[in-house]
Amino acid sequence: MTETPLTRNINPEKGPTDLTAYEANGGYQAVRDTIGQADPKSVLETISDANLRGRGGAGFPTGMKWSFVPAPSDTGHRYLVANADEMEPGTFKDRLLMEFDPHQLVEGMILSAYTISADIGYIFIRHEYHTAIQRLREAIQQAEDRNYLGNNIQGSQFSFKLHVHVSAGRYICGEETALLNSLEGKRAIPRAKPPFPQVSGLWGRPTIVNNVETLCNIPHIIANGADWFKSLGIGKDAGTKLYGVSGRVNNPGCWELPIGTTGREIVEQHAAGMKKGYSLRGFLPGGASTDFLIDEHLDLPMDYESIQQAGSRMGTGTMIILDDKTCPVGMVANLEKFFARESCGFCTPCREGLPWVKEILDTIEAGDGQPGDIETLERQAKFIGGLGNTHCAHAPGAIEPLTSGLKYFRDDFEAHIKDQKCRYSQEAVR
Amino acid sequence: MTVIHVDGKEYEVEPGSNLLEALLSAGLDVPYFCWHPAMGSVGACRQCAVVQYANDDDTQGRIIMSCMTPVTDNARFSVATESASGFRESVIENLMLNHPHDCPVCEEGGECHLQDMTVMVGHRDRQYTGKKRTHKNQYLGPLVGHEMNRCITCYRCVRFYQDYAGGSDLAAFSSRDKVYFGRAEDGVLENEFAGNLVDVCPTGVFTDKTLSKHYTRKWDLQSAATICMGCAQGCNTYTSERYGEVRRVHNRFHQDVNGYFLCDRGRFGAGFVNSDDRIKQAGIRRDDGLYEAVSLAEAVSQASDMINASQRVVGIGSARASLESNQALRTLVGADNYCNGMADIEREMHAIIIEALKSDIATPSMREVEQYDAILILGEDITNHAPRLALSVRQATRNKAGEMAVETKLALWQDAAVRELAQNSLSPLMIATPTQDRLDDVATLSTRLDSAGIARLGFAIADQLHDIKIAEDDALEATVSAITETLSAAKRPLVISGTSSRNADVMRSAANVAAALKEINPNTGLCLCASECNSVGVALMDNEHSLTALLGSSPDTVVVLENDLATTLGADFKQIASSIKNLVVIDHLDNATASMSDLVLPAATFAEAEGTYVNNEGRAQRSMAVFVPGHHGAASDIKASYHLLDNLADRSRTSSEVRAEMVSHSPQLQKVIDAAPSEDFTVRGSKIARMSHRASGRTAMLADVSVHEPQQPADADSAMTFSMEGVQQQAPASLRAFTWSPEWNSNQSIMKFQESVAGSDRFGISGALLVEKTQPPVVYDATVKQIGQLVPQHHIFGSDPLSNHAEELASLAPQLYIKMNDQAAGELGVSSDDGLSYQADGQSLEFRVIIDNAIPDNCLVYPLVPDTDCLTGLDEVSLTRIDDWTPPGPAGKAQLITSDRAN
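Residue numbers (numbering that gives the first Met the number 0), protein chains in the order written: chain A, 0 to 429; chain B, 0 to 902.
Warning: the hint list may mix true and false statements.
Stated by the list, open to error - In silico DSSO-like pairs for lysine-lysine, Cα to Cα no more than 27 angstroms straight-line:
id, chain 1, residue 1, chain 2, residue 2
1, A, K420, B, K751
2, A, K417, B, K130
3, B, K177, A, K381
4, A, K235, A, K336
5, A, K185, B, K177
6, A, K336, A, K417
7, A, K381, B, K131
8, B, K8, B, K468
9, B, K177, A, K192
10, A, K336, A, K420
11, B, K408, A, K40
12, A, K417, A, K406
13, A, K185, A, K160
14, B, K135, A, K336
15, A, K324, A, K185
16, B, K130, A, K192
17, A, K381, B, K399
18, B, K130, A, K185
19, B, K135, B, K177
20, A, K336, B, K177
21, A, K192, B, K135
22, B, K130, A, K420
23, A, K274, A, K324
For the record, the hints were derived by calculation from the structure and aren't laboratory data.
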């Protein structure tokens with residue numbers, strides 16, 4: 000049995016891990032050993048050495064991200080924000096971590112804040128996660144009572160105040176700078192970079208935004224060391240990863256596995272294969288905003304580089320399966336409807352381009368497609384998806400299912416237009 | 000300079016600028032929407048995309064937004080490459096999905112940046128077949144129209160309104176392709192600069208309602224370079240006409256004065272030219288006391304007789320008339336019998352301004368005001384009295400943000416990022432006024448004092464700058480110390496005051512503060528706001544002769560030039576006016592003085608006559624006539640005041656002949672000649688056209704009168720034609736009648752006339768600074784005289800005698816109110832929304848009581864509007880509470896008072 004540090008306290012049938020159980024299993028030991036004891040620089044070194052990469056989707060090395068925070072030069076606030084706005088369709092990994100082991104996130108944030116000298120933290124969490132919100136608030140209160148949080152933590156000079164901020168609910172709030180604007184009470188519009196949040200983030204102050212799963216790894220890396228963490232991964236990447244599968248599989252769910260586990264193992268072993276009568280037509284490897292891959296790619300290790308080389312992105316590591324009885328055009332139309340609706344409305348290609356794409360897809364799916372529609376879709380996909388064409392990464396991600404859908408399922412698009420109807424039964428996702 | 004390579008050509012560009020600015024400054028055409036030369040970059044529209052190459056071997060390059068990309072040495076770009084131009088075409092195509100294509104019925108058509116950019120990128124055929132998104136429009140008040148369906152979501156409107164002008168009632172709502180720019184609910188836009196939305200909107204969402212009501216396409220307008228009559232700042236405007244009616248006013252860029260923006264008084268106030276209150280014919284009072292309209296010739300002849308028969312004739316000049324008209328009056332009556340028409344207190348205050356102008360303390364232009372890093376305002380509500388200056392002061396408070404950006408190595412054009420970094424960090428702005436001030440939201444210190452208190456504060460600051468401490472127990476001590484410390488620490492401190500408090504002590508104290516600061520910091524500035532568009536001009540011409548002295552010298556005949564003595568003399572008016580034997584009035588609007596006159600001559604407004612006006616920096620600027628009254632329709636007797644005055648002496652001179660005489664009498668005005676070229680000026684033998692080449696109606700618009708095309712009127716006073724014949728684009732800036740350049744039909748075409756984006760004019764600076772700043776500053780005696788209870792409050796809409804006659808602005812003028820604190824209310828026995836009555840000399844006024852505890856004890860703040868002229872100059876008034884009073888009037892006006900109170 001491989002190690003599962005992130006989920007070792009998690010057993011959904013038993014309910015959430017409380018403070019006593021968390022501490023009994025070594026919880027907050029890293030806080031007691033580190034805060035006021037270790038030099039933040041050496042902690043940062045450990046995180047960098049561990050090769051932890053951001054689990055929110057982009058896979059940016061966490062240590063490097065933290066190293067861009069300037070050394071404290073004034074007395075102003077510095078912030079750490081946990082991005083718990085898990086709005087990516089098909090993704091539910093952070094929810095598991097927050098609902099069943101809230102102290103792990105809290106401990107990860109305390110240690111991270113210590114490393115970057117942040118004095119205020121926010122957990123920016125999506126509105127729908129009622130249970131997680133409640134459990135995190137309780138955990139924060141308990142941690143404060145034990146002086147793991149608050150002023151002069153464990154007798155040190157280090158103070159850290161942690162708040163739960165419930166999002167008003169937009170997909171774009173998952174984009175770290177839109178998240179910061181939203182947290183400031185402004186419109187959730189991403190910011191141009193540079194300047195990066197590390198330099199001018201929340202309220203113009205140095206800020207780090209990390210994904211929940213990323214932060215949950217921190218206590219384990221600090222407790223067990225970089226080498227231990229690196230040994231957990233199978234390929235080039237380090238640590239474990241929460242992989243998920245949704246779609247017509249026998250056992251949809253979420254599992255902590257060594258990073259680099261193959262898609263086939265995840266789908267066939269952990270998700271127990273396709274339901275009877277369905278076969279796999281394709282899959283989105285890391286949430287709705289990643290390119291489709293097909294059966295032949297299942298044998299690739301699910302790590303950042305391998306999936307990228309295959310033309311997609313590992314994203315959040317939570318796969319959505321397209322089966323052979325579901326219309327790919329309908330699925331893409333459904334996804335683009337979501338992304339068009341969730342555009343913040345700031346830049347032109349995203350704001351105007353995605354609704355047009357959505358409209359053409361709806362028309363095709365409804366049997367009213369016209370010759371030339373596919374060419375228009377391709378032109379729009381290039382316009383919307385090109386590197387640097389848009390203000391943030393929303394539109395390029397949004398267009399990935401379409402671009403790859405046209406690549407792998409072009410026949411379906413053409414047949415819809417030629418036959419003026421959808422040949423799939425109306426079980427199609429709508 | 001930084002060297003960049005664009006499509007194989009090398010360009011030297013301004014280091015630190017963004018690529019879009021650099022390309023535009025180099026004369027290249029790159030389309031854009033969200034970037035604005037005064038507002039920087041945010042990267043929203045994606046229209047200015049070009050390709051950047053990583054190195055010499057890179058043949059693909061990558062798309063970048065030129066507005067968001069700093070120029071770096073030897074960087075390689077392509078504007079023309081297909082991947083860039085194709086992308087830009089797609090941006091337009093997508094922007095236009097929901098655009099209604101209603102150009103034929105859109106006010107912006109023909110001067111639309113969206114049209115220009117669409118043509119520039121070459122997008123033509125429409126692929127989109129879906130339905131268009133539609134929006135509901137809002138009522139935004141009488142000035143600005145709203146047609147949201149045309150919106151292309153560039154965010155310029157909210158960036159101007161909120162970020163630049165400090166407004167809070169216009170915002171971006173909703174998201175995705177449903178973003179909506181408007182108010183939370185229908186209602187009058189509150190910001191004093193809302194009219195600029197018409198200019199900053201690249202298409203026809205925000206439109207000028209005063210133009211819409213008698214709409215004319217840009218190319219059918221006859222226009223000229225004019226100077227705003229609204230206050231003493233001297234903003235440059237284009238005023239445009241058709242069929243003898245002023246149709247609109249819009250911004251005329253001047254790099255040192257108004258830049259890209261106007262206030263709403265200036266933009267929407269020129270409606271007085273078309274007012275029903277215009278004096279259109281000469282008139283003579285008959286023996287029965289009634290007025291008779293007579294021909295100009297008869298009136299001139301009778302007036303001449305009146306003057307010739309008089310023992311003593313005096314001329315009352317005007318601070319809102321041109322220098323030329325004042326000079327013609329001075330010639331007519333003789334220098335000893337002429338005064339500049341200001342009340343004695345005004346004359347005293349303007350003497351201080353003239354002394355400040357002559358001193359070696361800098362008098363900043365509005366552009367320069369933006370560079371000061373600590374500002375003290377004494378007694379002047381500049382938003383209401385010198386509105387455009389308030390916009391500059393608001394930008395100056397962002398110098399702190401600029402400093403922080405430089406420390407973080409952030410370019411200043413990174414607008415959103417700089418604002419994010421700075422948050423609420425402000426450069427110090429310290430305001431001492433009697434009531435709440437629109438700039439309080441960006442002030443680091445606001446204190447409420449009556450004008451004597453403000454003067455004492457100012458003198459104490461000046462003392463403390465000289466290390467003379469005021470008494471520890473003085474209530475002002477903490478404020479004085481805080482302000483003194485801040486000003487001493489500043490790199491570029493600026494003191495602002497002015498005439499609106501009608502208390503010369505305030506201005507003297509401000510001058511002393513500046514003088515004391517100048518001793519420790521040569522970069523000190525002093526800005527004193529004058530009263531009217533030509534107050535400084537006439538004060539420079541003659542500030543010695545007293546109005547009351549002249550009127551008291553038993554004249555037989557008094558010639559009053561464009562001056563309503565009811566406003567000027569205030570409470571004393573009726574008594575003085577009724578003692579005048581022969582009162583000759585030359586004016587363009589009916590007023591109380593005209594009503595009491597014996598003879599009236601119909602004067603031209605700024606739109607009908609050339610004239611020179613001097614703003615409060617001492618900058619002489621020529622305003623050109625836009626049209627000739629009477630060319631369309633019945634013949635008109637309206638003439639420039641200086642021509643009428645010359646006629647009275649049986650003379651006829653051009654404006655430059657009048658100016659030549661003026662400078663020979665008043666050498667201090669010598670540079671007035673340089674403000675603009677005179678009538679003999681030509682470009683390659685041609686005069687300057689007031690109409691565009693496309694003025695489609697010029698040859699046909701009088702066809703209903705006669706099919707024989709009449710000759711266009713000639714303009715003996717200027718180097719311009721009332722026609723499309725003549726030079727347009729090569730005109731000097733002071734004569735240029737409109738901006739237009741091939742492919743640039745909108746107001747953005749101004750960049751084609753600038754040396755670089757937002758830079759100086761390629762065709763010369765217009766206007767001339769008159770005063771040499773060589774003398775040591777005058778240090779005034781620090782005595783403060785006792786003042787009365789009454790505190791006049793200027794209103795951007797309501798306090799200007801001319802724009803009050805523009806119906807849209809008149810509808811926004813405040814109803815009569817008196818604001819006071821609880822203490823004063825207690826003494827008067829009134830509470831909020833009670834009525835107060837004032838009765839004297841047959842005058843009866845009713846005021847609404849507004850309680851505002853920020854107002855100092857014993858102060859009664861009242862609005863300076865025509866109805867309250869009778870209070871001007873009074874120290875004490877007797878007010879009585881009206882029993883069972885119900886507040887009058889429509890909701891619109893009441894609303895303005897309420898929002899005033901909510902500030």
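Structure-based check of each hint:
no.	hint	in the structure
1	A/K420 to B/K751	55 angstroms, violated
2	A/K417 to B/K130	24 angstroms, holds
3	B/K177 to A/K381	23 angstroms, holds
4	A/K235 to A/K336	36 angstroms, violated
5	A/K185 to B/K177	18 angstroms, holds
6	A/K336 to A/K417	23 angstroms, holds
7	A/K381 to B/K131	23 angstroms, holds
8	B/K8 to B/K468	64 angstroms, violated
9	B/K177 to A/K192	25 angstroms, holds
10	A/K336 to A/K420	20 angstroms, holds
11	B/K408 to A/K40	25 angstroms, holds
12	A/K417 to A/K406	18 angstroms, holds
13	A/K185 to A/K160	22 angstroms, holds
14	B/K135 to A/K336	24 angstroms, holds
15	A/K324 to A/K185	44 angstroms, violated
16	B/K130 to A/K192	35 angstroms, violated
17	A/K381 to B/K399	42 angstroms, violated
18	B/K130 to A/K185	31 angstroms, violated
19	B/K135 to B/K177	11 angstroms, holds
20	A/K336 to B/K177	14 angstroms, holds
21	A/K192 to B/K135	35 angstroms, violated
22	B/K130 to A/K420	22 angstroms, holds
23	A/K274 to A/K324	11 angstroms, holds
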